[in-house]
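Undergrad: Residues per chain are reported as follows:
Number of protein chains: 2
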Amino acid sequence: MSTTIVSSEVEKLAEIPLLKRLSTEAREQLLRGATKKSISRGEMIFFQDDKADAFFIVLEGWVKVFRATSSGDEAVVGVFTRGQTFAEGAAFTNSNYPASGEAVTDSVVLCIPVAHLANSIAADPNIALAMMSSLSMHLHQLVLQIEGLKTHTGAQRVAEFLLNLSTEPAGSCTLVLPYDKALIAGRLGMKPESLSRAFQKLKSYGVEVKQNRAIISNVQVLNTLVEQERTVVMHSSHG
Amino acid sequence: MSTTIVSSEVEKLAEIPLLKRLSTEAREQLLRGATKKSISRGEMIFFQDDKADAFFIVLEGWVKVFRATSSGDEAVVGVFTRGQTFAEGAAFTNSNYPASGEAVTDSVVLCIPVAHLANSIAADPNIALAMMSSLSMHLHQLVLQIEGLKTHTGAQRVAEFLLNLSTEPAGSCTLVLPYDKALIAGRLGMKPESLSRAFQKLKSYGVEVKQNRAIISNVQVLNTLVEQERTVVMHSSHG
DNA sequence: AAAAGGACCTAACGAAAATCAAGGAAGTAG
DNA sequence: CTACTTCCTTGATTTTCGTTAGGTCCTTTT
Numbered sequence: 001m002s003t004t005i006v007s008s009e010v011e012k013l014a015e016i017p018l019l020k021r022l023s024t025e026a027r028e029q030l031l032r033g034a035t036k037k038s039i040s041r042g043e044m045i046f047f048q049d050d051k052a053d054a055f056f057i058v059l060e061g062w063v064k065v066f067r068a069t070s071s072g073d074e075a076v077v078g079v080f081t082r083g084q085t086f087a088e089g090a091a092f093t094n095s096n097y098p099a100s101g102e103a104v105t106d107s108v109v110l111c112i113p114v115a116h117l118a119n120s121i122a123a124d125p126n127i128a129l130a131m132m133s134s135l136s137m138h139l140h141q142l143v144l145q146i147e148g149l150k151t152h153t154g155a156q157r158v159a160e161f162l163l164n165l166s167t168e169p170a171g172s173c174t175l176v177l178p179y180d181k182a183l184i185a186g187r188l189g190m191k192p193e194s195l196s197r198a199f200q201k202l203k204s205y206g207v208e209v210k211q212n213r214a215i216i217s218n219v220q221v222l223n224t225l226v227e228q229e230r231t232v233v234m235h236s237s238h239g
Numbered sequence: 001m002s003t004t005i006v007s008s009e010v011e012k013l014a015e016i017p018l019l020k021r022l023s024t025e026a027r028e029q030l031l032r033g034a035t036k037k038s039i040s041r042g043e044m045i046f047f048q049d050d051k052a053d054a055f056f057i058v059l060e061g062w063v064k065v066f067r068a069t070s071s072g073d074e075a076v077v078g079v080f081t082r083g084q085t086f087a088e089g090a091a092f093t094n095s096n097y098p099a100s101g102e103a104v105t106d107s108v109v110l111c112i113p114v115a116h117l118a119n120s121i122a123a124d125p126n127i128a129l130a131m132m133s134s135l136s137m138h139l140h141q142l143v144l145q146i147e148g149l150k151t152h153t154g155a156q157r158v159a160e161f162l163l164n165l166s167t168e169p170a171g172s173c174t175l176v177l178p179y180d181k182a183l184i185a186g187r188l189g190m191k192p193e194s195l196s197r198a199f200q201k202l203k204s205y206g207v208e209v210k211q212n213r214a215i216i217s218n219v220q221v222l223n224t225l226v227e228q229e230r231t232v233v234m235h236s237s238h239g
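Protein sequence lines, in the order shown, are assigned to chains A and B.
Per our numbering, residue 1 is the first one in the first sequence, and the count goes up by one each step.
Per our numbering, residue 1 is the first one in the second sequence, and the count goes up by one each step.
Rather than coming from a laboratory, the hints here were simulated on the basis of the structure.
Some hints here could point you the wrong way.
A pair holds if it fits inside one copy or across any two, identical chains being indistinguishable in the list.
What the hints assert, rightly or not - Cross-link-like lysine to any residue pairs, in silico, SDA-like; alpha carbons within 25 Å at most:
#1 Lys210 / Phe199
#2 Lys51 / Val209
#3 Lys20 / Asp124
#4 Lys12 / Gln211
#5 Lys20 / Lys51
#6 Lys181 / Asn164
#7 Lys37 / Thr24
#8 Lys210 / Glu15
#9 Lys51 / Leu144
#10 Lys51 / Arg21
#11 Lys201 / Pro178
#12 Lys210 / Met44
#13 Lys51 / Asn212
#14 Lys51 / Asn164
#15 Lys191 / Val226
#16 Lys51 / Glu227
#17 Lys20 / Ile215
#18 Lys210 / Asn126
#19 Lys37 / Thr151
#20 Lys20 / Ser95
None of these values were measured; they are calculated from a predicted model.
Produce the entire structure from the sequences given, and follow the hints as far as they go.
TA: Next up, the structure:
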C-alpha cells in the first residue's frame, strides 16, 4: 500500500514541523521522492539491523520504535504520532537501523528515501537546517527520557507522562490514553504490572484511571510530585 | 583562558570526526570563529537552562554532561573525551541547554559559537552534513544508553562499559578507568555502592579491579555475559 | 444466552538495587 | 609519623520492581 504524493497534498503537509520552515519549492522537491504508506496495526515498518535507506514522517496513527535484544526482550525507544519524524538519525550515518519500527494502530506514514534526501539537500541546503532542528529536538527528548529513568520512580514517570498529555496548566483535567497500557509501560521503562501499581499510588494524588480515560483532579499536585526527589517520594503518608 | 585558533593548528585538528570530511577551506572557515578554552577540573563549561549560544569539541581531558533536578539529584547524560562533540543539539533549536557541562579532569575544549556555525553553513553546506552525522551518532548512542538501562542489570552495564574501553577483541586485556568511580556509576545509572558490588560480581567472570586499573582475563566471557537475558543472569553458580 | 478471548488488575514471592551506617585505603599536610 | 580528607568498599536493612499466577470485566463469537 504505497503511493506517491500528488501536488494538491503538498500544502496540507506544510504544517508538519520538519517541513514547516521550508520554502514551497524545497517542500515540493523533498516530497517529490516520497511515498505514502498505509500500515496496519502490528505491521513492521523497518527492521533493526537492516540497511537504513529511508526515514519516515507519521501522517496518521501511532508508531513505536524499539530495540529487541537477542533474548526477545524489548526496549521501547520512542513512540511517535502525527507530524513527528522517526528513524531520521540512521539516515545520515549511512549505516543500519539501530532499532525496529512498528505500527501500534493502523497508520499512514510518509517514507523518504535517503538517496532522495541527499539530492534534495544538494539542491537546497535549507532542508539540512530543518533536518538538524528535527534531530536536535529528538536528542533533547532522549536526554529527558534518560533523566527520567535515572532519577524518577515508576510513579513519577507515569505522572510525568500524564502531565505531558494534559493541556491544562493547572486545576483538573480529563485525558485519553493514546495507546494501550502495555505500550505505555514499555515507553516508560516498566512492566504493565508496575504501571498498574503506579496508577494505584497516583490515586492518592488525585488521579483516577478508568479504561483508557484518566482524570487528574489537580494538575499542580502532580507537578510537585514529579519535582520531588526520589528518596522523599512515596512514603507512608500517601498510600 | 581562551584563545583563537592559529592556522598552524588547523591541520592537527583535521583528525576530529566532525571536521574530517570537510575540505580544508571549510575547516578553516569553521575554525576561524572558534576559540580554545582551558578548563580546570570541576569547572563548569555551560549551565542547564542558559541560552545555548555555542557547542563544543573536546581536545583534551574528560567532560561530563548532566541534568540536575531541583533537589540536587543529578543524572549523567553523557561523558565525552578527545575528538568528541557535545551540546551540538542545542545549537539548532535556538533554545536553552537541556543539561549542564562540567570538566571532570583538567581539559581543553574548542568552543564554536552558534552564530558562527550558521554563517559557516551558509558558506559551505557540507558543514551541515558533517553536523548531521555527528548529531545522528549522538542520537544512536543515547538510544543504546536507554536500551542498556532498561534491559541490562547493573553488572551487565558495567561489563559493557569495560568492553567499550577495551581495545582487544578477545583474550585478556588491561585498561585504565578514565575517571573516578562515582562518575562511572552515574554514567551507568547506579549508585557508587552498587558499582562496587557489580565489580565484585564480575570477579567470577575474570575481572580484577585495583585502584583505577581493570584487568579482564577473557574478553569473550564478558561479552557472553552482556548478551545474556536479564532473568538468567547472576544466579547461584557464579558468586 | 453461554462460552471464549483479551486487556487489565491484584497478590505473593524473589531478585536487584538504594539507603543507611561504618570501616579501610590512599594521598596530603602538619 | 600522625592526623585528616577523600574516595572506595562492606554489611545490614528497606524499597522497588520483575515474575508468576489467578481473578475480574468486557467484548466477541457461537
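Undergrad: Each hint should be assessed against the structure and marked as holding or not.
TA: Now for the hints, and whether the structure bears them out:
1. Lys210 / Phe199: within (10 Å within a copy, 45 Å between copies)
2. Lys51 / Val209: Result: close neither inside a copy nor across copies, 42 Å intra and 39 Å inter.
3. Lys20 / Asp124: both (15 Å within a copy, 23 Å between copies)
4. Lys12 / Gln211: Classified as neither: same-chain Cα gap 34 Å, cross-chain 62 Å, threshold 25 Å.
5. Lys20 / Lys51: between (28 Å within a copy, 24 Å between copies)
6. Lys181 / Asn164: Within one copy only: 16 Å inside, 35 Å across.
7. Lys37 / Thr24: within (23 Å within a copy, 42 Å between copies)
8. Lys210 / Glu15: neither (33 Å within a copy, 58 Å between copies)
9. Lys51 / Leu144: Intra 28 Å, inter 18 Å, cutoff 25 Å: inter-copy only.
10. Lys51 / Arg21: between (29 Å within a copy, 22 Å between copies)
11. Lys201 / Pro178: within (21 Å within a copy, 41 Å between copies)
12. Lys210 / Met44: neither (30 Å within a copy, 47 Å between copies)
13. Lys51 / Asn212: Classified as neither; 37 Å inside a copy, 39 Å across copies.
14. Lys51 / Asn164: between (33 Å within a copy, 23 Å between copies)
15. Lys191 / Val226: This pair counts as both: shortest intra-copy Cα distance 20 Å, inter-copy 21 Å.
16. Lys51 / Glu227: Result: close only across copies, 22 Å inter versus 41 Å intra.
17. Lys20 / Ile215: So Lys20 and Ile215 fail the 25 Å test inside a copy (34 Å) and across (53 Å) alike.
18. Lys210 / Asn126: neither (46 Å within a copy, 53 Å between copies)
19. Lys37 / Thr151: neither (39 Å within a copy, 32 Å between copies)
20. Lys20 / Ser95: For Lys20 and Ser95, the Cα distance is within 25 Å only across copies (18 Å; inside one copy 27 Å).
Figure legend: structure checked against the earlier numbered hints; hints not met, in rising order: 2, 4, 8, 12, 13, 17, 18, 19.
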